[in-house]
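Number of protein chains: 2
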Amino acid sequence: MQKTNKLYCRSRYRIMSGNEIALGPGKVDLLESIHKVGSISEAARQNHISYRRAWNMVNTMNQCFNKPLVESVTGGKGGGGAKLTPLGEKIKTIYRKMEAKASLSTKEEWNSLKKHLKK
Amino acid sequence: MQKTNKLYCRSRYRIMSGNEIALGPGKVDLLESIHKVGSISEAARQNHISYRRAWNMVNTMNQCFNKPLVESVTGGKGGGGAKLTPLGEKIKTIYRKMEAKASLSTKEEWNSLKKHLKK
Chain P
1 MQKTNKLYCR SRYRIMSGNE IALGPGKVDL LESIHKVGSI SEAARQNHIS
51 YRRAWNMVNT MNQCFNKPLV ESVTGGKGGG GAKLTPLGEK IKTIYRKMEA
101 KASLSTKEEW NSLKKHLKK
Chain C
1 MQKTNKLYCR SRYRIMSGNE IALGPGKVDL LESIHKVGSI SEAARQNHIS
51 YRRAWNMVNT MNQCFNKPLV ESVTGGKGGG GAKLTPLGEK IKTIYRKMEA
101 KASLSTKEEW NSLKKHLKK
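Chains P and C, in that order, give the protein sequences. Heads up: the first sequence begins at 1 in this note's numbering, then just goes up one per residue. Heads up: the second sequence begins at 1 in this note's numbering, then just goes up one per residue.
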């Protein structure tokens, strides 16, 4: 083992709908990328996953929620793309808030765990 | 997809020390089993993992923390076993508290996400 180790706490939330992961860290990263770049293929590239994988993730989210989180945009200079629906933006925001609140609420425990870990 | 889906939120915390998982859900389950049954091999069986895997997990925890979390017990009717050290008990308790606090603090977000998921 190295002499000094970076100590950190990684939390991950998975919203399950039966056996399907309706939402998780990878899917939320993808939503954020689609929001930024306006295309599933470019968002896939940024997240180092295949277009097929990204498309499947979008499809699963759209199936698991009452209304789609991502919709296609026709026309425009790139010949169309994708964007988040109002629900998609809302869900992405709630998920990040969830992560932030969890991290804040467990600060005391994390600090106390950290004291007992080798530096 | 089925007609009705069980909706739930699964959270998982990983305490990282460099590239090593010092503590995570599997390791804490193992600590709890060792605490109950007093043996690594029996705890491994209960957690459906091999003895080798369980032993490696214990070894990683013992290496990552300042002091061991699990120690061997010599003698006794079974010819010895394993038990948690005071630090082991403490760490297991802190981790479970962390999970409970995170779940409590994100209740509002989870309820709001749930409303938008297909039943």
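I should point out that these hints are in silico values taken from the structure, not numbers from a laboratory. All values derive from a computational prediction rather than experimental measurement. For glycine and all other residues, C-beta sits at the position ideal for the given N, C-alpha and C. There could be a bad hint or two in this list.
Here are some of the chain C residues that sit facing chain P, going by a computed Cβ distance under 10 Å [said to hold, decoys possible]: (1) R10; (2) G26; (3) K36; (4) I40.
From the derived model, a few chain P residues whose C-beta atoms are all more than 12 Å from chain C [to be verified]: (5) R12; (6) E32; (7) S33; (8) G38; (9) I40; (10) E42; (11) Q46; (12) G81; (13) T106; (14) K107; (15) H116.
Going through the hints against the structure:
{"no.": "1", "hint": "R10", "verdict": "4 Å, holds"}
{"no.": "2", "hint": "G26", "verdict": "14 Å, violated"}
{"no.": "3", "hint": "K36", "verdict": "22 Å, violated"}
{"no.": "4", "hint": "I40", "verdict": "21 Å, violated"}
{"no.": "5", "hint": "R12", "verdict": "5 Å, violated"}
{"no.": "6", "hint": "E32", "verdict": "16 Å, holds"}
{"no.": "7", "hint": "S33", "verdict": "20 Å, holds"}
{"no.": "8", "hint": "G38", "verdict": "23 Å, holds"}
{"no.": "9", "hint": "I40", "verdict": "21 Å, holds"}
{"no.": "10", "hint": "E42", "verdict": "26 Å, holds"}
{"no.": "11", "hint": "Q46", "verdict": "24 Å, holds"}
{"no.": "12", "hint": "G81", "verdict": "24 Å, holds"}
{"no.": "13", "hint": "T106", "verdict": "5 Å, violated"}
{"no.": "14", "hint": "K107", "verdict": "9 Å, violated"}
{"no.": "15", "hint": "H116", "verdict": "5 Å, violated"}
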